[in-house]
Amino acid sequence: MTLSRRDFLKTGLAGSLAIGAVGAGGLLSGCGTGDTIKAFTTSTAGKPRYGGTLRAGLTGGSTADTLDPLSAVTNVDFSRIDNLYEPLVGLTPDALPVYVLAEELTPNKDATEWTVRIKQGITFHNGKDLTADDVIYTFQTVLNPKAPGSAAAGLASIDAKRMTKLDAYTVRIPCSTPFATLGESLAIPGYSDIIPVGYNPAAPVGTGPFRLKSFSPGTQSTFVRYGGYWQTGVPYLDEVVITDYADQTSQVNALLAGQVDVVNLLSADVISEVQGEGKNILLSDGGGWNPFTMRVDSGTFGDVRIRQAMRLVVDRQQMLDLVFGGFGTIGNDLFGIWAPEYDHSLPQRQQDIDQAKSLLRAAGAEGLHVQLITSEIGQGVTLAAQVLAQQASLAGITVSVDDVTVNDFYGTNYLKWQFAQDYWFYNFYLPQVSLATLPTAPFNETHWDNARYNSLYAQAIATTDTSLRTEIAHEMQQIEYDEGGYIIPFFPPVIDGFGTNVGGLVPGKSGLSLNAYDFKGVWLS
Amino acid sequence: MTATEATERVGPPSRAARPHPIRDTVIRRSLIGILTLVLVSILVFAATQVLPGNAASAVLLNTATPARLHALEAQLGLNRPAPAQYWAWLTGVLHGNFGKSLANGQPVGTLVGGRIVNSLVLVVLAGVIGTLIGVGLGVLAAARRDSVFDHVLSVTALAVTALPEFVVAVVLVIFFAAVVFHWFPAVSVFVPGTAPWSNPRELVLPVATLIIVIVPYVFRMMRASMIDALESDYVQMAQLKGVPRWRVLFLHALPNAIAPTIQVIGLSFLYLAGGVVVVEYIFNYPGLGQALVNAVSDRDIPQIQAIVLVLAAFYIFVNILTDVISLAVSPRRRLPRS
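First to last, the sequence lines map onto chains A and B. Start counting the first sequence at 5; every next residue gets the next number (my numbering). Start counting the second sequence at 2; every next residue gets the next number (my numbering).
In case anyone wonders, no lab produced these hints; they're calculated from the structure.
Using 25 Å as the maximum straight-line C-alpha spacing, the simulated PhoX-like pairs for lysine-lysine come out as follows:
id, chain 1, residue 1, chain 2, residue 2
1, A, LYS132, A, LYS169
2, A, LYS283, A, LYS51
3, B, LYS101, A, LYS150
4, A, LYS113, A, LYS123
5, A, LYS150, A, LYS165
6, B, LYS101, A, LYS217
Listing some non-contacts, in silico: residues in chain A with all C-beta distances to chain B over 12 Å:
id, residue
7, ILE334
8, SER459
9, THR504
Restraint ranges, calculated between C-beta atoms of paired labels, are given here:
id, chain 1, residue 1, chain 2, residue 2, range
10, B, VAL149, A, GLY330, 52 to 62 Å
11, A, GLN321, B, TRP88, 54 to 64 Å
12, A, ASN130, B, LEU32, 54 to 64 Å
13, B, ASN200, A, ASP242, 16 to 26 Å
14, B, GLN76, A, TRP234, 27 to 37 Å
15, A, ILE334, B, ILE43, 46 to 56 Å
16, B, GLY275, A, GLN359, 49 to 59 Å
17, B, HIS71, A, THR181, 16 to 26 Å
C-beta atoms are modelled at their ideal positions from N, C-alpha and C, and glycine is treated no differently.
With the sequences and hints as input, model every part of the structure.
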């Protein structure tokens, strides 16, 4: 079953690092027609055509699946929400912000107040016009202190109570602290979708290309084309059926047997099997990241030399080869890979065992023994932990890997582990900082609190000039690069599969599958 | 004087006093069964308390800031002491209310109800077909004992016994669905709310997997007890007397050989109730097993309780049923023990 493949990979690793992940497939991939990987196609299905039902077989959901954009958590949640609702600002496949429901966002000089003008003539699935009232209602609901939505953490600067309507399509958004990156923060898929005044989660309506027909959590949901959709020409499909799959084996079997048209979140070791059976692979350079998190405020990793030593033991290419078959992007211990502020000029950190050893010696920590808390919280996470343990042993570091359940991981000790892992979808640089690397950040898992860094952030977030902001952001990244608590060895690829009858799929950099599950441009031939 | 008179009275004992083994068994075992269910529910609840994390952390995952975690725990009532949570659940059940799912707020009765039907269809189809095949092959193999047919069947059965159900399932999928032939669906997905029998093609491979797993057990037991029966005096007598072969097999030997096999068939049904978990998982079949796997990973206590109780009740029911049938087919055992 599912575990056999994973366990098999683990066993292979424990024995020897020489085994490649691609060659170490489970039962099913052994029956593929070969191990060579063909070129990745984005579409083989000719010209756009209207009609048809797209059947998506998706993993990553659970019986806790929700249609409520305020509390979306899992991949399958996002797949539904991204088709039902729309945000003010969206993300292009290249991970740049683009206006969706908004026509224009304008900040004042010190970024303490934004004016948002929305497009006219957009309707919700119940026929109601989208107006300024809905925008205000959405933000006040998301930021309700008694029941904050999952986006609340990233939008904490907005003073929702004081939001005012200037006219039917214009809203003023005052901020309690400067918030120059509002547009970027709104663009993260599935977090800031607009809901109508009086939104009822039991009968959800949005402005998206598809409206809800049926939903049964953890099992299946059906969406039909919204006839009154505001973008011309799309969607092509009449219907989208999303079925939850427990694991990749049954999901891939369904694709090969022609029972589903698209599948998400595949591992690299099934690529040859899927292609060997005549199906296609959609490969995206995701901007999501699976960091190792070292607590900088206490314990072993309170010593910056030990943190730097840990970063130096990582052979990033080898880790990517073993965990994701070599696909994906090498990381440099910095997040926000596609952000305009990302500093590509910092030298790529390479494995340097001698340097790591001398740092450990200087810190009096030779023969270091640490415990790494891991869990299958995201694709390849536990496998990366095993690889890290192997690589660290080269510098005489013993990493004992403690594989806990997902529930244990996110239970009472979450955000308190001394040395653990996590997974994040793509976010822009400064918005990510506000979530993870400030003393006020809700997910400050490394307990990072650097005075210089904090004041640089305060400066950057009040700067509307993007080139000046980038300059400040580069200095922040230099500090993280030299002292930070994250090891970011790579940005995982996103590997999806689809049938030859599916057209219009494009790779996306958000880290979510199928270009953030954007099905409006997809057709069936 | 009255006492001795009563015991010395000749004639059949009064109706109320006459032991009725089947009825007594049913009543006694049902009462024990209910007690067992209560104990099971306590054990399961205790187990969910020991598991790390809770429904709130399972729902929030990496969005679980302490503030959101506490808010959701309070909303789901998870901050109450464990005995109070259990008591609230138990009183609900006694009023016929199995509570709401902690994961999605839907009533557990509705969530589990449809899945019971789905799983029952798998279990009954596989159990009945598997039993018929197993009994039939067992009789044939015993009748042609030591023939090539018998040897091939016996060795095959032994080999299949060694295969876990997920291996059988994966092999079937490779051959009949995903890779070699594309005859049947590789996964059993049907629209929620539709009955499984309206999607017969989706049932083929999961049912076949379960059949393949149980047939060897039934077959081997049937063959062994049939051989015993065929070697008995009354069968040899019947043969000597010139009774036709089929009559000897099916009317003389089979009824006497079936009793031990019924126990194995009962065990097979019990196995099926557990075996569906794995098979449903592989075929993504929307049954109880799949729901249980999900409920455990979501720490959805009301749903875990409901499903485990259904499975436990099925175990108890099948056990009682097997004993009753055994009693019914072996008149000797119905006599009061003295």
